[in-house]
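Asks: This is what each chain is made of:
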Amino acid sequence: MEPRMIAANNTSYLARIKPGWKFGALLVLSIALYLITNWTVLLALFIFSAAILLSARVDFKQLRLPLISITIILGVVFILLGLQTDWLNALRSVLRLLTMCLLAYAVSLTTKFEAMLELFQQVASPVRFIGGNPAQIALALSMTIRFIPELKKVYTEVREAQHARGLANNPLAVTVPLVIRSLKIADETAEALDARGYDSEPAKRRF
Amino acid sequence: MSRNPSSSQTKNTVYIAVFAAMIAAMGLLPPITLGIIPVPITLQTLGVMLAGALLGPWRGAMSSLVVVVLAIAGLPLLSGGRGGLGVLLGPTGGYLVGWVFGSLVIGALFKYWVLRRTGNAARFASGLAAVVIGGIGVIYLFGVPWTSVVTGLDLRTSLIGSAAFLPGDVFKAVVTTLVALTVHRSYRGLMS
Amino acid sequence: MVNQPWIKRPRSASKRCCAAKRLEYRAGAFVELPSIRLENVFVRYDNRDVLQQISIDLDEKRIGIIGANGAGKSTLSRLLNGLVLPTEGTVHIGELNTREHAKQIRRQVGFVFQNPANQIIMPIVSDDIAFGLKNLSLPKNERQVRVAQTLGELNISHLADRETHTLSGGEQQMVALASVLAMRPQTVVFDEPTTMLDLRNRLAFQKEIAKLSQRAIVVTHDLEILEDFERVLVVTDGTIAFDGPPADAIAHYRQWSHA
Amino acid sequence: MVNQPWIKRPRSASKRCCAAKRLEYRAGAFVELPSIRLENVFVRYDNRDVLQQISIDLDEKRIGIIGANGAGKSTLSRLLNGLVLPTEGTVHIGELNTREHAKQIRRQVGFVFQNPANQIIMPIVSDDIAFGLKNLSLPKNERQVRVAQTLGELNISHLADRETHTLSGGEQQMVALASVLAMRPQTVVFDEPTTMLDLRNRLAFQKEIAKLSQRAIVVTHDLEILEDFERVLVVTDGTIAFDGPPADAIAHYRQWSHA
Ligand SMILES: Nc1ncnc2c1ncn2[C@@H]1O[C@H](COP(=O)(O)OP(=O)(O)OP(=O)(O)O)[C@@H](O)[C@H]1O
Ligand SMILES: Nc1ncnc2c1ncn2[C@@H]1O[C@H](COP(=O)(O)OP(=O)(O)OP(=O)(O)O)[C@@H](O)[C@H]1O
Ligand SMILES: O=C(O)CCCC[C@@H]1SC[C@@H]2NC(=O)N[C@@H]21
Ligand SMILES: [Mg+2]
Ligand SMILES: [Mg+2]
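Protein chains in written order, with the UniProt record's numbering: chain A, 1 to 207; chain B, 1 to 192; chain C, 1 to 259; chain D, 1 to 259.
In isolation and in its complexed conformation, chain A is listed as follows (with noise of 0.2 Å):
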């Protein structure tokens, strides 16, 4: 499976709204839900944010995973919540959680990759004031989303090269080489960005 862009298509109402406003909203709503603890307020909540969820068209299909995972793990939580207190606890707070992701998830599949990185970048924008640099974190960025891909082949060829001594399962055998392997990457990878001409700011703070 490739990285890919969850909120590719979404043109829905919600896609239009900046990200800066739904994240800040979502902030909020997840605080008042911690306040919150009359069971039919969090219930309505919960089925607001379902519509939310419905009405903003996303695509269902990569949910799937995720709320499968998230509901199996609060069936858990309600069960032994019901048995350590009293079941009406155990309902408040699957619901609490419940509403926040699927809030969260509308947000995360109504906004563009690139959009969600923007606004990442203008939140840590100060570090420039802590001696960081906005530039490079946005370097690093997509250097990781390039290198991913490229890190899988590294792992299926060490592997596979182990494979030939009887090695591919031995964790020491398949990590060192994976691990020296990305270091060469590394090495000549700043290396090429050097010889493009990247220049960033002289280093203020010693990593």
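Once the Cα atoms are required to be at most 30 Å apart in a straight line, the calculated DSBU-like pairs of lysine-lysine come out as:
hint, chain 1, residue 1, chain 2, residue 2
1, C, K211, C, K140
2, A, K18, A, K61
3, D, K61, D, K134
4, C, K61, C, K207
5, D, K61, D, K103
6, A, K184, A, K153
7, A, K61, A, K153
8, D, K211, D, K134
9, D, K103, D, K140
10, C, K61, C, K211
11, A, K184, D, K134
12, A, K112, A, K153
13, D, K140, A, K18
14, A, K153, C, K134
15, A, K184, C, K134
16, D, K61, D, K207
17, D, K140, A, K112
18, A, K153, C, K103
19, D, K211, D, K61
20, D, K103, A, K184
21, C, K103, C, K211
22, A, K152, C, K103
23, A, K112, A, K18
24, D, K211, D, K140
25, D, K134, A, K112
26, C, K134, A, K152
27, C, K103, C, K134
28, D, K134, A, K18
29, A, K184, A, K152
30, A, K61, A, K152
31, D, K103, D, K134
32, C, K134, C, K211
Per the computed footprint, the stretches of chain A lying under chain D, defined by three or more beta-carbons under 8 Å from a beta-carbon of chain D, are:
hint, region
33, 141-148
34, 177-191
Please keep in mind that the hints were generated in silico from the structure rather than gathered at the bench. Quick reminder that beta carbons are idealized off the backbone N, C-alpha and C, glycines included.
Got chain A; can you put chains B, C and D with the ligands on it based on the hints?
Replies: Frame of chain A; chains B, C and D with the ligands shown alone:
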């Protein structure tokens, strides 16, 4: 030294990206499921531990942070192909925050303690201690209370639940220590 | 030249399978190498045929495989030790089937990859070669003997105590070869083993291959090293477009490439 | 794909430097190429001379560099754009000195590495090519024009929107070349550009090099691609053991290798 040092910042950025990619790639291997409960027992913690032990505190923590940020931004990088804001707000979100501080602590311990020791036994013992403190202690320190706060379960139950991860994490800690010490022998000066 | 009285007989396999061909090692040469047989093999990825209906017997001791990028050479070579399993059809090494006897086949068919960095684990050359031998559960002193012997055979004894990652590309390639030969396989498959080598090292490598008592199957873009091979296959678009002596095969391939 | 208008612009480097020879780019061809001059260059690693006292002028448009593994070819080629600085001596490109004018020299001397995968930094082809242009602080619309133009010149416009990691080795090599050519350097240095290519792709690559209006300096073990070069250097143990037309240089190198 006549090689024109790639600006050290450029090099750091690339190291961070490559190790972040390694952590992410490790999540693409299928997660183990315990019975019916899909707990994310993931190889990614191996990557988090390695990033700290090999790159040092600052770059190690940045590698973990990059993965967490990309996952929250929506890339399906976490085990089982999950991503998006939900993973942070969900019951295991605290562990993700723990990754960043875990690799930071491992890196600091390696840089200022483990790699200054001599003798194989001493190095291994201190290395393992460092990885266990940072890669298990610190990560659980964030993960366990988070689960408890988010779900409303009490701390004890949350702690007992985290025991499902323990055997795997101890194994990963041993592998990390062996690998890191071997690689540091080949690639000297990684952290200087 | 390579002395290997300890070659594993395909023991346990013979239990499950029929009368495994016995191999006798006599005076430095195999009396007989088990033949490699592909029957009606297809390999498909995502519904695309990467290899199509390949049926072939490989009996010679020196076999080359050439062809265009993406033609399927690496896939074909990986079939031979079970790294890739056929989507359809079967691959037999002697009486062993890659699908069923993966483990024994892996011991019989060694594999040397293009990038030696994939294979090298330990920081010191001799430790690295010994690493794989632990898996054969050889006792420690025998391991040491075997390591020294293998390094000697390849004329790289001087590298024994060197740090693996400071070696040049060519030296690393030789160490990777040693680590595979130390396991005493009967067949060694090479996937583009000379890409980083200079002319001299290529000649040296060519000589090493010529001296091997093992069967060697070499995938390469470097046509010169195949000159004294017995047989060369040209792979084109997932089929074997030509199969014959090196000079003819290379002529066929050159013609195709210029077309 | 990831949009980064916040990339730092290279500030006014030209202030520090002298009268750089003006080059006019006209109808796809440079009117004049500045000559490359190495004066009394030594490169030392750990007190070992990797290159010794090299003094040489490079004026030709097609220059090959051959030699044994570890002879110092890559080090020599990296001197030319300041990736390696001489321990002693100087390297000048026209009037520019690699030690003092690193930044301008990077613009004039492009570098294509052996492994194109490590040179490609962005997830999408056209973004990768635009990346270097941002470092030149070209405005966005000019960048787009330049990207399209470069892809067109190399006949790979169809790759513009592909994800870089899905490209074949040959395609990656072309993209790496495009990303360097997009910066309109006057000289392109290649360090073993054809190691992973089959015969057909190698021929295609050879043709691309022949067509370049830029100066090309090619380090390679693949002697065939140097046939129509003007000048070939043979590097042996850190010195230039031969310097002359390709046929003679190759003969010299072959003789040395067989010795
Ligand atoms: N695991 C895989 N999944 C999908 N496609 C694959 C896989 N492995 C190989 N292929 C495809 O199969 C075809 C043949 O690949 P193979 O590696 O065998 O070619 P090759 O002849 O070795 O080429 P080269 O000379 O470039 O090494 C290619 O098109 C390749 O993309
Ligand atoms: N950064 C470095 N530190 C120490 N030694 C180095 C470094 N870079 C190169 N060397 C050494 O310098 C010598 C020349 O290396 P170089 O890479 O220039 O050789 P080359 O001619 O390109 O060889 P090849 O054909 O294998 O690529 C080698 O012995 C190498 O080990
Ligand atoms: O994928 C997620 O949602 C977060 C993963 C958290 C996994 C934690 S990290 C420590 C512990 N060890 C594991 O293998 N998994 C958990
Ligand atoms: Mg191949
Ligand atoms: Mg070189």
